[in-house]
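Each residue of the sequence shown is one higher than the one before, counting from 949 in the working numbering.
By construction, these hints were calculated from the structure, which means they are not laboratory data. Hints are not guaranteed to be accurate.
[What the hints assert, rightly or not] Using 20 angstroms as the maximum straight-line C-alpha spacing, the simulated PhoX-like pairs for lysine-lysine come out as follows:
1. K1048 / K1198
2. K1201 / K1048
3. K1201 / K1042
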Amino acid sequence: MELPLQFCGVLVVLALIVGIGVWSGRYIKNGADFEYGDGKSGTGFVSGMIMGTLIGGSSTIGTAQLAYTQGLSAAWYSISCGVACLLISLIYVKLFRRAKLPTLLGISAHEFGSRIELPSAVLVCFVVFIAIIPQLIASTSVLPVIFPGLSVSASVVITAVLILVYIVFGGALGAGLLGRVKVMLLYVAVLAGLFIVMQRGSIAGLRAGLDSSYFDPFQAGVFKESSKAVSVIMGVLSAQLYMQTVVAAKSEKAARRGTFLCAVMIPPVGIVSALIGMFMRVNHPDLPNSKDAFTQFVLLYMPDFFGGIVLATLLLAIVGASAGCLLDLATIIHRDIVSPHTHRYDDPKRSLRLNRLCIMFFLVAAGLLSTGLLGDGVLFFTTVSNGLRASVIFIPLMCAMLLPGKVDRRWAFASVFVGAAMCMVFSLWNVLPVDGTGAGVLGSAACCAIGMVVQSRRNRTLHR
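Using the sequences and the hints, build the whole thing.
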């Protein structure tokens, strides 16, 4: 690929990132604007914000990486994200907007007492922080292609600077606008990729060149794959960012339409990325690192200028997903950890400063870890993050919204720690038919079930 043409394509997209980030920053006056936008957001903002975060390095580079070694089952991540968005559209939009509280943990605290909020918030911050690492790891497979010879550390630094422009200046408004641009560019990229795969190999060609296990959607086993899919769904439903995006919409109708659009548009990106990974396995079985499957596909099979645009779009996907996680993290720290214990940051300008400082701190920390010995498992870290988030938040949150007054708060509090502990233990100790997420959610559900029995007995005693 000729560097001048490649750079032209890259610069077009990077200039777009910087321009929109700085432009949207002019409209951010306080912490509420930063976290929720202007509160008058329509379908485009909702879909752009959610897809801008969900379609990241895991849906593209990470999916192609896993498909290179395991096949079509790698697409489960994106399919599960689509199912989660469908559930948000059909069920959770109404629940989230009806709660009239700024955070998911605030909903749990309102039902079970403030005691549950701080430990849950600390655990969730750890979980969201983990989710940033795979995005930065994914950037190390894109930037060295754009800038040959670039080190891993330099790749992470450049990505971090772009994330700061993307989110620190523009907050939720910038993320929503750039999310829409990113999705349009990604769709152009994956459609071009699908065309190349069909033209040069077709599905029949892939079947002829790969073992049949590559086309098994349950390649790792029905229980394992199903458990991973459910963990992603529950992880998305337990994510603060998607709740605040729904709340920021100007109406329930706009929120439903935006999330339904996400449900339709997210899965195809993962499916095509998986096909690209499988195509590269057939035609280039000796890649030094499977993480490079998608970027090498772009480098080898796409025209120079267009290839530059696609590479920059992959980088934009990584930047957008990282920015969404950081916005999620800053909101939880501000609303669930700091605000309940001090009024110092009630001032709009101070809250804005706190949000931006949190983002900078955690971005630097994630950057340092992603250049260390954590490996190249992009989807692995994303799955662990979703699993822990589901284990800590999902069951208590559902009880708070759907079973108010029916679960003993002490057992709800215990469910947070039991869920997190079981998820971590059985993610490392693989002895169950389900993965660590399934174990964590089952542990959390068991605690809440006991809490229902205890509360039911207490209620009967009080009414005698």
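Against the structure, the hints come out as follows:
1. Our distance criterion of 20 angstroms between C-alpha atoms is met by K1048 and K1198, whose separation comes to about 14 angstroms.
2. The straight-line distance between the Cα atoms of K1201 and K1048 is roughly 17 angstroms, inside the 20 angstroms bound, and the hint therefore holds.
3. About 10 angstroms separates the Cα atoms of K1201 and K1042, which keeps this hinted pair within 20 angstroms; it holds.
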